[in-house]
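**Q** Each chain is listed here by its residues.
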Amino acid sequence: MKILVAVKRVADPDNLNKIKLSPKGEIDTTGLEPKASPYDEYALEAALRLTENGSNPKQRLGEVVVVTFAPKAAEQMLRAMLGTGADRAVRVEATDEGLDGDLVARGLAALVDKEKPDVVMLGYQQAEHESNEVGQMLAAHLDWPQATFAGSIRSEDDKALVVGRDLEGATAYVRLTLPAVITVLDKIVHPKSVQSKHTPATHAYPDGVRFAALMAIMAAKKKPLVEMKLADLVTESALKVRYLAAELPGKRAAGVRVKDAKDLVTRLKREAKVL
Amino acid sequence: MAGTLVVAELSDGTIRKATLSAISFARQLGAPFAILAMGAGASAAAGQLTGYGATKVVVVDDAVLKDPVCERYVPTIVSTVNEGGWDTIAMAASAFGKDLAPRLAARLNAGYAADINGLKVEGGSRLYRRPMYAGNAFGWLAIVTPVHVVTVRPTEFAAAEPEGSASPIATAARAPDEPSASRVAFVKLEAITSERPDLAEARVVVSGGRALKEQFKQVLEPLANALGAAIGASRAACDAGYAPPELQVGQTGRTVAPQLYIAIGISGAIQHIAGMKGSKVIVAINKDPDAPIFQIADYGLVQDLFVAVPELVRELKAQS
Chain A
1015 MKILVAVKRV
1025 ADPDNLNKIK
1035 LSPKGEIDTT
1045 GLEPKASPYD
1055 EYALEAALRL
1065 TENGSNPKQR
1075 LGEVVVVTFA
1085 PKAAEQMLRA
1095 MLGTGADRAV
1105 RVEATDEGLD
1115 GDLVARGLAA
1125 LVDKEKPDVV
1135 MLGYQQAEHE
1145 SNEVGQMLAA
1155 HLDWPQATFA
1165 GSIRSEDDKA
1175 LVVGRDLEGA
1185 TAYVRLTLPA
1195 VITVLDKIVH
1205 PKSVQSKHTP
1215 ATHAYPDGVR
1225 FAALMAIMAA
1235 KKKPLVEMKL
1245 ADLVTESALK
1255 VRYLAAELPG
1265 KRAAGVRVKD
1275 AKDLVTRLKR
1285 EAKVL
Chain B
91 MAGTLVVAEL
101 SDGTIRKATL
111 SAISFARQLG
121 APFAILAMGA
131 GASAAAGQLT
141 GYGATKVVVV
151 DDAVLKDPVC
161 ERYVPTIVST
171 VNEGGWDTIA
181 MAASAFGKDL
191 APRLAARLNA
201 GYAADINGLK
211 VEGGSRLYRR
221 PMYAGNAFGW
231 LAIVTPVHVV
241 TVRPTEFAAA
251 EPEGSASPIA
261 TAARAPDEPS
271 ASRVAFVKLE
281 AITSERPDLA
291 EARVVVSGGR
301 ALKEQFKQVL
311 EPLANALGAA
321 IGASRAACDA
331 GYAPPELQVG
341 QTGRTVAPQL
351 YIAIGISGAI
361 QHIAGMKGSK
371 VIVAINKDPD
381 APIFQIADYG
391 LVQDLFVAVP
401 ELVRELKAQS
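Protein chains in written order, with this note's numbering: chain A, 1015 to 1289; chain B, 91 to 410.
Please keep in mind that the hints were generated in silico from the structure rather than gathered at the bench. Quick caveat: nothing in here was measured; it's all calculated off a predicted structure. Glycine is no exception: its CB is placed at the ideal position from the N, C-alpha and C atoms. Keep in mind that the hints are not guaranteed to be accurate.
Stated by the list, open to error - Below 25 Å or equal to it, Euclidean Cα-Cα: the simulated PhoX-like pairs (lysine-lysine) are: (1) A:Lys1237 to A:Lys1049; (2) A:Lys1206 to B:Lys303; (3) B:Lys278 to A:Lys1211; (4) A:Lys1128 to A:Lys1236; (5) A:Lys1276 to B:Lys407; (6) B:Lys278 to A:Lys1034; (7) A:Lys1283 to B:Lys377; (8) B:Lys210 to A:Lys1276; (9) A:Lys1173 to B:Lys278; (10) B:Lys367 to A:Lys1283; (11) B:Lys210 to B:Lys370; (12) A:Lys1273 to B:Lys370; (13) A:Lys1276 to A:Lys1287.
Unchecked claim - Rough simulated footprint, nothing fancy, chain B against chain A, three-plus residues with beta-carbon under 8 Å: (14) 1161 to 1171; (15) 1208 to 1214; (16) 1275 to 1287.
Said to hold, decoys possible - Just a sample of chain B residues kept apart from chain A, beta carbon distances all over 10 Å, derived: (17) Pro122; (18) Val211; (19) Ala248; (20) Ala265; (21) Pro266; (22) Arg300.
Isolated chain A (complex conformation) (with noise of 0.2 Å):
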């Protein structure tokens, strides 16, 4: 099975609250070390146990391609993601201004022309914008079925998945018949969620993401990892939506300190009035 499993290079997203406005109203993010946004992560993560057994990880049994739309600076976090197990990396020269997600899921599906993957997988939403579209759009352009909000995947062979999606209250199951897109929720890296084919059914994987080992990370610096232009990939570069302004929440005040249980209640029934 082949993923390409698209990523995006956000700012860290532990200390989205340190985010300021500069002095024409725009986001500023200065000081916040960009990182993988963590979805993005998980799908990969994802992407790697449907690909091995997981009692020998080191070998692959199946390709999986990162791609990214980002500066040169980006080619740091791909690196990183080659040291995990990744096989190539694409990086496609761009700037977040140049961008909107209609237009990397064009250039996505571009790419998914060239290379021909079983499955694209994706965070379900970055952890800047937040829009959970992209793959969703991708899935639309290349006339793929999708499955968002995946808590689960289990391989039956190499040409169906069945997907758990985790709705409000509810789990959905479906069977994609490939070449599918998957976007997927961080519950998605759990010992148990991906069941591949090739894992014994036992076996549980640490909860989370693996880490390179440092052999991993020189090993890797002998993996392919191209760059490409956006103009390789789309014609029309135009942007459907663009962000005017932006603004910070008001501060929610502290509010005060009550004595006890009973003080709550009382507060809470005559100025709260929410009881």
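Go by the hints and put chain B onto chain A.
**A** Leaving out everything else, chain B in the frame of chain A:
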């Protein structure tokens, strides 16, 4: 004609309440709007939508639409939009809407604004306000294509009340599936049954953190029962296995905005706060006086939760 098409969402043969938020949005735009009700059993449910002032309610009732497979829904929405000439398509920002809307936008060659929580018109152009960066910023998004697709957050667009003249019902046929629909088979739906109100719709939410350990249910359920509340949890509590994952409130879980949110043994990680800071009144109970949750809480109680929560249950009963 220019105007808005609201795509309703059905669940078990009734209209989901979140649909009424999309109707509120359509009313705010001010242009005429129609409602599309599609699904298995949509004819029976359409009567629930005729009292909101829509120019018409279009019904597409087809047994093939019994499962929420967007590859089967999108072609019919596209043909309804093309036929009616609607320039804006609005849906609730539910799992169903967020799965379907971007696919629809790509099919219509339209720009998409996800999860909007505000709207303004400046110089004749619409700007959509949407939360980003885990709730730490809002962006004002302009769509530059002639057709707009939006999903509307029910937490900020209040459910529409019935008003206006009754809308006529028009039936339409389902458009042929996308070819890709043959490659997605619905296997089963496993509902997570609960007698409590749904997290997104509850008036009161009681949420617990990792500090509750194995006593998560034992401590929180009496309080939730006393308040008629939904139960939520922090990511840490879910990751540790103390609470099931579907209870998670936060950036990676559900977004809630109840009248009253009680955070118990929750430190207040950014990712949790992103999912609950729209609540009207926030109460925090935590034994650590420096827990960040106190910085956003309207009422803070610094006490061991294992003492405070049973006392709170007793007080609620005493003062009721």
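**Q** Work down the list of hints and note, for each, if the structure agrees.
**A** Hints, verified against the model:
{"no.": "1", "hint": "A:Lys1237 to A:Lys1049", "verdict": "21 Å, holds"}
{"no.": "2", "hint": "A:Lys1206 to B:Lys303", "verdict": "22 Å, holds"}
{"no.": "3", "hint": "B:Lys278 to A:Lys1211", "verdict": "21 Å, holds"}
{"no.": "4", "hint": "A:Lys1128 to A:Lys1236", "verdict": "22 Å, holds"}
{"no.": "5", "hint": "A:Lys1276 to B:Lys407", "verdict": "11 Å, holds"}
{"no.": "6", "hint": "B:Lys278 to A:Lys1034", "verdict": "45 Å, violated"}
{"no.": "7", "hint": "A:Lys1283 to B:Lys377", "verdict": "23 Å, holds"}
{"no.": "8", "hint": "B:Lys210 to A:Lys1276", "verdict": "44 Å, violated"}
{"no.": "9", "hint": "A:Lys1173 to B:Lys278", "verdict": "20 Å, holds"}
{"no.": "10", "hint": "B:Lys367 to A:Lys1283", "verdict": "21 Å, holds"}
{"no.": "11", "hint": "B:Lys210 to B:Lys370", "verdict": "23 Å, holds"}
{"no.": "12", "hint": "A:Lys1273 to B:Lys370", "verdict": "21 Å, holds"}
{"no.": "13", "hint": "A:Lys1276 to A:Lys1287", "verdict": "15 Å, holds"}
{"no.": "14", "hint": "1161 to 1171", "verdict": "holds (count 4)"}
{"no.": "15", "hint": "1208 to 1214", "verdict": "violated (count 0)"}
{"no.": "16", "hint": "1275 to 1287", "verdict": "holds (count 9)"}
{"no.": "17", "hint": "Pro122", "verdict": "25 Å, holds"}
{"no.": "18", "hint": "Val211", "verdict": "13 Å, holds"}
{"no.": "19", "hint": "Ala248", "verdict": "17 Å, holds"}
{"no.": "20", "hint": "Ala265", "verdict": "15 Å, holds"}
{"no.": "21", "hint": "Pro266", "verdict": "13 Å, holds"}
{"no.": "22", "hint": "Arg300", "verdict": "15 Å, holds"}
Consistency note: the structure conflicts with the earlier hints numbered 6, 8 and 15.
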